[in-house]
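Novice: Given chain V's structure and the hints, the job is docking chain Z onto it.
Chains V and Z supply the protein sequences, listed in that same order.
To get our numbering, take the position in the first sequence, counting from 1, and add 303.
To get our numbering, take the position in the second sequence, counting from 1, and add 303.
Keep in mind that a hint or two might mislead.
Identical copies go unnamed one by one, so any copy, or any two together, can satisfy a pair.
Under the rule of at most 25 Å between Cα atoms (straight-line distance), these lysine-lysine pairs were calculated in the DSS-like manner [stated by the list, open to error]:
no.: 1; residue 1: Lys445; residue 2: Lys307
no.: 2; residue 1: Lys308; residue 2: Lys445
no.: 3; residue 1: Lys349; residue 2: Lys306
no.: 4; residue 1: Lys451; residue 2: Lys306
no.: 5; residue 1: Lys335; residue 2: Lys314
no.: 6; residue 1: Lys335; residue 2: Lys438
Read the hints as simulated data drawn from the structure, not as lab findings.
If you want the building blocks of each chain, they are given just below.
There are 2 protein chains.
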Amino acid sequence: MDKKKPIRRFKSFRWEETDLLAYKEEGSAPFKAITRQTLFRDPALKCELRYFEMAPGGYSTLERHQHMHAVLILRGRGEVLVGDEVREIATNDLVTIEPWTWHQLRAGPDVPLGFLCMVNAERDKPSLPTDEERKALEADPKVAAFLKGT
Amino acid sequence: MDKKKPIRRFKSFRWEETDLLAYKEEGSAPFKAITRQTLFRDPALKCELRYFEMAPGGYSTLERHQHMHAVLILRGRGEVLVGDEVREIATNDLVTIEPWTWHQLRAGPDVPLGFLCMVNAERDKPSLPTDEERKALEADPKVAAFLKGT
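Just chain V, with the same shape it has in the complex:
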């Protein structure tokens, strides 16, 4: 990996020498209007720090995995599903996503939502819910409303 300049300037939620990437491969999982930038990844670091940003109305994939997410909201507002809890989130709030906890983030209808996410560099791949698991989540009306984006 190329070494980064020691200082990388911030420009309206883009950073120098930092590519704007697709969130995931298109069609691999459900998501909407979300981009990814890897702010720090280095053999000397055992974690990566990524920045994800969703346009208004955008959302990440509903998924879970062994690895933990450590999230800091850097921009805007939205909602997060963590397990069976739906919570509003705003700039600088912290979100801890424990191993094997279903989670999804959604930007507000009229504001973007940008967040930092720290993860272990070595980590497992996310699992998507089965139809049964999705139905179990939707049994809670609040969770069902969140998943529909209403």
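Specialist: Just chain Z now, with coordinates in the frame of chain V:
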């Protein structure tokens, strides 16, 4: 370690369930007007994410170590010394501090400087400069002015 609530609210650069700590033990090294909050530390994570904040005129310790620092400026403005470079830094800029690189951060004279710092959970202790190393750094007038805070 106690499990954290999944969402921790941000309150003016303090977070719920997150202690405001001394930067280091008083007298262990030179520093001024700087505090520490550990935002994420968990056995499931191989890194920690800390938030440091300096009051106007405050500074961190001039030091170096094997472990890498991955820094994102979260609040305010200031200057950083990385190796033999002195650079201005502002909110959301990224700073990479390579292993064994001398570094120090300083808040501006009239603004605080708050920053996130990601580090490996397992890491070595910092080294302070010897008198000779400090003199070598001060041979560069820009670095000397930075270290004096002028």
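Novice: Under a CA distance limit of 25 Å, which applies to Lys335 and Lys314: within one copy, between copies, both, or neither?
Specialist: within (23 Å within a copy, 30 Å between copies)
Novice: Between the shortest in-copy and the shortest cross-copy C-alpha distance, which are at most 25 Å for Lys451 and Lys306: within, between, both, or neither?
Specialist: neither (42 Å within a copy, 30 Å between copies)
Novice: Evaluate Lys349 and Lys306 at a C-alpha cut-off of 25 Å and name the case that applies: within, between, both or neither.
Specialist: Answer is both: 16 Å inside a copy and 22 Å across each meet the 25 Å cutoff.
Novice: Within, between, both or neither: how does the pair Lys445, Lys307 come out at a Cα-Cα threshold of 25 Å?
Specialist: between (44 Å within a copy, 23 Å between copies)
Novice: Reference check for the pair Lys335 and Lys438, CA-CA at most 25 Å: within, between, both, or neither?
Specialist: So Lys335 and Lys438 pass the 25 Å test inside one copy only (21 Å; across, 55 Å).
Novice: With identical chains, the pair Lys308 and Lys445 could be close in the same copy or across copies; at 25 Å between alpha carbons, which is it: within, between, both, or neither?
Specialist: between (46 Å within a copy, 19 Å between copies)
Checked against the numbered hints above, the structure breaks only hint 4 and satisfies the rest.
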